[in-house]
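Colleague: The chain contents come next:
Protein chains: 2
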Amino acid sequence: MALPRLLVRALHRAAAAAAPSAPDFNSFVPRTNTCGELRSAHVGQKVTLYGWVQYQRQGLFLVLRDFQGLTQVIIPQDEAHSHVRELLSGAPLESVLRVTGTVSPRPLGQENPKMPTGDIEVKAETAEILNSCKKLPFEIKDFIKKSEALRMQYRYLDLRSSRLQSALRLRSRLVMSMRHYLCNLHGFVDVETPTLFKRTPGGAKEFLVPSREPGKFYSLPQSPQQFKQLLMVGGLDRYFQVARCYRDEGSRPDRQPEFTQEALAEYGTDKPDTRFGMKIVDVSDVLRRSNVHFVQNALTYPHGSIRAICIPQGVRYLTNKDLESLKESAKSQFNQEIMEIIHRPDGSLKSLLTKFLGEKEKSELIQALNMQEGDVVLLAAGEHEQVCRALGALRLLSASLLEAAGLALRDPTAFHFLWVVDFPLFLPKAENPTELESAHHPFTAPHPSDASLLYSDPTKVRSQHYDLVLNGNEVGGGSIRIHSAEQQRFVLEKVLKEDSEVLSHLIEALELGAPPHGGIALGLDRLISLIVDAPSIRDVIAFPKSFRGRDLMGNAPDYVTPEELEPYHIQVSWPLEEKEAKKN
Amino acid sequence: MALPRLLVRALHRAAAAAAPSAPDFNSFVPRTNTCGELRSAHVGQKVTLYGWVQYQRQGLFLVLRDFQGLTQVIIPQDEAHSHVRELLSGAPLESVLRVTGTVSPRPLGQENPKMPTGDIEVKAETAEILNSCKKLPFEIKDFIKKSEALRMQYRYLDLRSSRLQSALRLRSRLVMSMRHYLCNLHGFVDVETPTLFKRTPGGAKEFLVPSREPGKFYSLPQSPQQFKQLLMVGGLDRYFQVARCYRDEGSRPDRQPEFTQEALAEYGTDKPDTRFGMKIVDVSDVLRRSNVHFVQNALTYPHGSIRAICIPQGVRYLTNKDLESLKESAKSQFNQEIMEIIHRPDGSLKSLLTKFLGEKEKSELIQALNMQEGDVVLLAAGEHEQVCRALGALRLLSASLLEAAGLALRDPTAFHFLWVVDFPLFLPKAENPTELESAHHPFTAPHPSDASLLYSDPTKVRSQHYDLVLNGNEVGGGSIRIHSAEQQRFVLEKVLKEDSEVLSHLIEALELGAPPHGGIALGLDRLISLIVDAPSIRDVIAFPKSFRGRDLMGNAPDYVTPEELEPYHIQVSWPLEEKEAKKN
Numbered sequence: 001m002a003l004p005r006l007l008v009r010a011l012h013r014a015a016a017a018a019a020p021s022a023p024d025f026n027s028f029v030p031r032t033n034t035c036g037e038l039r040s041a042h043v044g045q046k047v048t049l050y051g052w053v054q055y056q057r058q059g060l061f062l063v064l065r066d067f068q069g070l071t072q073v074i075i076p077q078d079e080a081h082s083h084v085r086e087l088l089s090g091a092p093l094e095s096v097l098r099v100t101g102t103v104s105p106r107p108l109g110q111e112n113p114k115m116p117t118g119d120i121e122v123k124a125e126t127a128e129i130l131n132s133c134k135k136l137p138f139e140i141k142d143f144i145k146k147s148e149a150l151r152m153q154y155r156y157l158d159l160r161s162s163r164l165q166s167a168l169r170l171r172s173r174l175v176m177s178m179r180h181y182l183c184n185l186h187g188f189v190d191v192e193t194p195t196l197f198k199r200t201p202g203g204a205k206e207f208l209v210p211s212r213e214p215g216k217f218y219s220l221p222q223s224p225q226q227f228k229q230l231l232m233v234g235g236l237d238r239y240f241q242v243a244r245c246y247r248d249e250g251s252r253p254d255r256q257p258e259f260t261q262e263a264l265a266e267y268g269t270d271k272p273d274t275r276f277g278m279k280i281v282d283v284s285d286v287l288r289r290s291n292v293h294f295v296q297n298a299l300t301y302p303h304g305s306i307r308a309i310c311i312p313q314g315v316r317y318l319t320n321k322d323l324e325s326l327k328e329s330a331k332s333q334f335n336q337e338i339m340e341i342i343h344r345p346d347g348s349l350k351s352l353l354t355k356f357l358g359e360k361e362k363s364e365l366i367q368a369l370n371m372q373e374g375d376v377v378l379l380a381a382g383e384h385e386q387v388c389r390a391l392g393a394l395r396l397l398s399a400s401l402l403e404a405a406g407l408a409l410r411d412p413t414a415f416h417f418l419w420v421v422d423f424p425l426f427l428p429k430a431e432n433p434t435e436l437e438s439a440h441h442p443f444t445a446p447h448p449s450d451a452s453l454l455y456s457d458p459t460k461v462r463s464q465h466y467d468l469v470l471n472g473n474e475v476g477g478g479s480i481r482i483h484s485a486e487q488q489r490f491v492l493e494k495v496l497k498e499d500s501e502v503l504s505h506l507i508e509a510l511e512l513g514a515p516p517h518g519g520i521a522l523g524l525d526r527l528i529s530l531i532v533d534a535p536s537i538r539d540v541i542a543f544p545k546s547f548r549g550r551d552l553m554g555n556a557p558d559y560v561t562p563e564e565l566e567p568y569h570i571q572v573s574w575p576l577e578e579k580e581a582k583k584n
Numbered sequence: 001m002a003l004p005r006l007l008v009r010a011l012h013r014a015a016a017a018a019a020p021s022a023p024d025f026n027s028f029v030p031r032t033n034t035c036g037e038l039r040s041a042h043v044g045q046k047v048t049l050y051g052w053v054q055y056q057r058q059g060l061f062l063v064l065r066d067f068q069g070l071t072q073v074i075i076p077q078d079e080a081h082s083h084v085r086e087l088l089s090g091a092p093l094e095s096v097l098r099v100t101g102t103v104s105p106r107p108l109g110q111e112n113p114k115m116p117t118g119d120i121e122v123k124a125e126t127a128e129i130l131n132s133c134k135k136l137p138f139e140i141k142d143f144i145k146k147s148e149a150l151r152m153q154y155r156y157l158d159l160r161s162s163r164l165q166s167a168l169r170l171r172s173r174l175v176m177s178m179r180h181y182l183c184n185l186h187g188f189v190d191v192e193t194p195t196l197f198k199r200t201p202g203g204a205k206e207f208l209v210p211s212r213e214p215g216k217f218y219s220l221p222q223s224p225q226q227f228k229q230l231l232m233v234g235g236l237d238r239y240f241q242v243a244r245c246y247r248d249e250g251s252r253p254d255r256q257p258e259f260t261q262e263a264l265a266e267y268g269t270d271k272p273d274t275r276f277g278m279k280i281v282d283v284s285d286v287l288r289r290s291n292v293h294f295v296q297n298a299l300t301y302p303h304g305s306i307r308a309i310c311i312p313q314g315v316r317y318l319t320n321k322d323l324e325s326l327k328e329s330a331k332s333q334f335n336q337e338i339m340e341i342i343h344r345p346d347g348s349l350k351s352l353l354t355k356f357l358g359e360k361e362k363s364e365l366i367q368a369l370n371m372q373e374g375d376v377v378l379l380a381a382g383e384h385e386q387v388c389r390a391l392g393a394l395r396l397l398s399a400s401l402l403e404a405a406g407l408a409l410r411d412p413t414a415f416h417f418l419w420v421v422d423f424p425l426f427l428p429k430a431e432n433p434t435e436l437e438s439a440h441h442p443f444t445a446p447h448p449s450d451a452s453l454l455y456s457d458p459t460k461v462r463s464q465h466y467d468l469v470l471n472g473n474e475v476g477g478g479s480i481r482i483h484s485a486e487q488q489r490f491v492l493e494k495v496l497k498e499d500s501e502v503l504s505h506l507i508e509a510l511e512l513g514a515p516p517h518g519g520i521a522l523g524l525d526r527l528i529s530l531i532v533d534a535p536s537i538r539d540v541i542a543f544p545k546s547f548r549g550r551d552l553m554g555n556a557p558d559y560v561t562p563e564e565l566e567p568y569h570i571q572v573s574w575p576l577e578e579k580e581a582k583k584n
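Taken in sequence, the protein lines are chains A and B. All residue numbers for the first sequence refer to this note's numbering, where the first residue is 1 and numbers rise by one. All residue numbers for the second sequence refer to this note's numbering, where the first residue is 1 and numbers rise by one.
Bound-form chain A, shown alone (with noise of 0.2 Å):
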């Protein structure tokens, strides 16, 4: 599929795009430059500028910002502008400003070759308050260090730095450049679908949206799941959307089927960052002739294995503390011991194992993970899939280590897109695990080999599901979906025992003339924040809600009145205590 080739075209596309044109005025706009634009080349011209006030130093000049970059301002000190002084000199940080002057050049000396406008500055003549800054909370320039909460609360400060402006701004060039590639080039619809429907069976992340009409409710849609594949029944064959996901984060964590075993085995995970080595290997059979007891002991369970990664240079970039800091992860998270092999600068292996070992297991074990002098190995004995998971993590927590302590391992402009396949259709339900449930939803298709399982086993049946991961995290998913109502049917009413009927409308869809087909939903903030390298998808959202769902700025969800509820035919059952607090 070309999809990775898409986003990486795009991505340059975007990118290319970074600087885009002055933009035009039109007659109402007094502005004749933005304060990004002037050169040695406008030197004489007379100029109006709107900005904000970045900077302001002692009553001599101050810097001028907007949307497209920095202006210095020369405050008038002679008499006959004295107006301007005083207005300049007073106007607080981050107010708004007009001001009107002529380009000059700057003293020889006093350019700033890093700044674009730094050859010139602008004399002011004329100024204007358009709108007067407010003591500001806090100084804009440390915000970044602020709280999360205080970030959120005065988002639209934030919205200032040149951090949130750039990834805001290539953002939506992206998304223009992957509309362009669709639409364009190929053919594709843009369809808008309904964000209030009806629950979907198990769709307990679903928001509910009372209506007027007493007891009855919509659904605020995880996804338009039903709509695509109504979209493709109805000939729009192909279809594309930037759609919103509503999901009512307060339910039950993702229970992510995660166990694709080729990629299990060498990296811990099915989501893998391939932009690295360090690969799990398996040392099994090196070490199972030695003598060493929990080696022995782990080879003993059903799926036993001996696995081990191997940290080039640790050695010189891992500190004690680092490999305690690994081990007692390992423990925690996985419950997995970890011992370490250190391989000594003159050649020799320092570890605990190192005494059961004769000299031909040694070697085999540098060769099988193919160790250098300074190396640190970390090795896991025990159950197959914990150890490979607890490796797994291992490999990337000392990734970041290394990377923290100087080591380049991961290229930050290297995009490794790779497919996840072949995972299973169906999944023992968590809380009974004789019943069965969806790994992803309802309506994935099995793959067309093991479709005769679905009718015999139908737990050995895998999908036709496929995960697309980008430097280790899944930033998309995606299916080919069941067009056989028969089928759909089978599937609902006797593998998953669910009532078919509220889904009866897609079902009688698929007996009318429904094509094969299938899809793939891309997480654009996900996606987004791995392109610009921002540390969380907040940076890459205009209005991010917190963890817990809140909008700190607006501060929602909050309370309404009764009469307001009145007309949707609901009323709050208040827990006990609060009910008991709000009567006194």
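Warning: the hint list may mix true and false statements.
If several chains are the same, the list does not tell them apart, and a pair holds so long as it fits within one copy or across any two.
Claimed, not checked - Below, simulated EDC-like cross-link-like pairs (lysine to aspartate or glutamate); rule was C-alpha separation at most 20 Å, straight line:
1) LYS216 with GLU564
2) LYS216 with GLU563
3) LYS216 with GLU566
No wet-lab data here; the hints were simulated from the structure.
Fit chain B to the given chain A structure using the hints.
Modeller: Chain B only, in chain A's frame:
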């Protein structure tokens, strides 16, 4: 402003892209061509097509349809292909097929010049039914005659019609073109704003969304109103969004202030369709000295007025029944009597009025209304606004009647845009006229010339709101916003007597360096329905809700179990009778 120009350009660009090039296929797609693609040049080629069975005749041939067009498939009649014959003859209409065969020229004389693929046919060699279609609930070709409810229930079948396919595809290209203009040409930034927010004061039309915190609710904002202001404050100076607007239509209808006198006097509406004349003409002065009782009576009103419209060639194109229905409509909708004057082919006037008029008055009347022989004049006397509104409605009704009778009056390809300005900032509350409410919303800025009136006589203040009208329909509206915190507080607290606390985040944002700002929102559904000349906005929405806000396909809203309400701390307040019914 350049907006109407943008829209017309976008339309032309989108229309020019009306025939997208044949889509590329990748290696996963066995299809060699689409059903709209084959021509004489392809004769002799072996092709594989996929599509729906559009038509099948006597086991001899069938027509295959996909998103690109139609192709005629010849069913083989020889014994070697009996299996293919059986399959193709037996495939129900709207089944999904694969057909592989050879492109052949149609026999001489059997070409179909109306069909882009009408020169060829495909001689089927192998075929496969991918999904057989159950008996359709109705014949698709008769679909348009079915009830709206049935069409909504089977929306995915309706979507296969060329009518909806082309409307939705044009809409997609049009929106893409707008995005291109804003984003690529003018540096606008596409930003998604949250749709789960908190209730705005007076937001009676906002849906509520219960949260997991007892008693607390989100609100689905009617528009991203507050967020777009905060983006301006945050330095995202050129922002746009194709946004969802949620409006709970179940509540009281719009009370639009409609009193712009310019437009009202000539067109009887503030949203005039200026594609045709038939303007309202003031004939008060002509008739003032006449001895007609109802005329004199009307002129005694404080705002008394005699006005008329002249229907060109009304004698020829309007029946007596038409004229009666026009008069009845003015009576029932506006309580306005209408008098007709017919300009006879012989030059004389026929009317109840004429016997009271002298020759001079008759000739002045003919001149004032520019009456030609065969024209019909509708005249109304009474209070100014009532007269204008009644005649404005009759102007549109008679235009439709003339067109139905065959007179081309309004050019369906013409796009007449106009701006409506100078709305009042406040209106007396319907329920208590001594109190004021915002004509649009409390964030609209006063007209600069009227700023001081805000403090002395707020009812006289014009707003900086503007509406965009296309061919007589409101397609957009916007305003310059208040950027002074002090002014915003005054409007909320002193004029509107509202609690400004709930908007404290916005007022604080205005204090922290908010630039002067404004914007506009277009109603895409309405705009596109006008462009494609669709009778309803439902014809340009993939999955529209019914008039009462129901989704008839999926049956939303719907009942949910009390258990599903529990996490949201709400319960249904059943109306008494339903409560009783539930008990029994």
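Colleague: Look at each hint and say if it fits the structure.
Modeller: Evaluated hints:
no.	hint	in the structure
1	LYS216 with GLU564	both (17 Å within a copy, 12 Å between copies)
2	LYS216 with GLU563	both (18 Å within a copy, 14 Å between copies)
3	LYS216 with GLU566	both (14 Å within a copy, 15 Å between copies)
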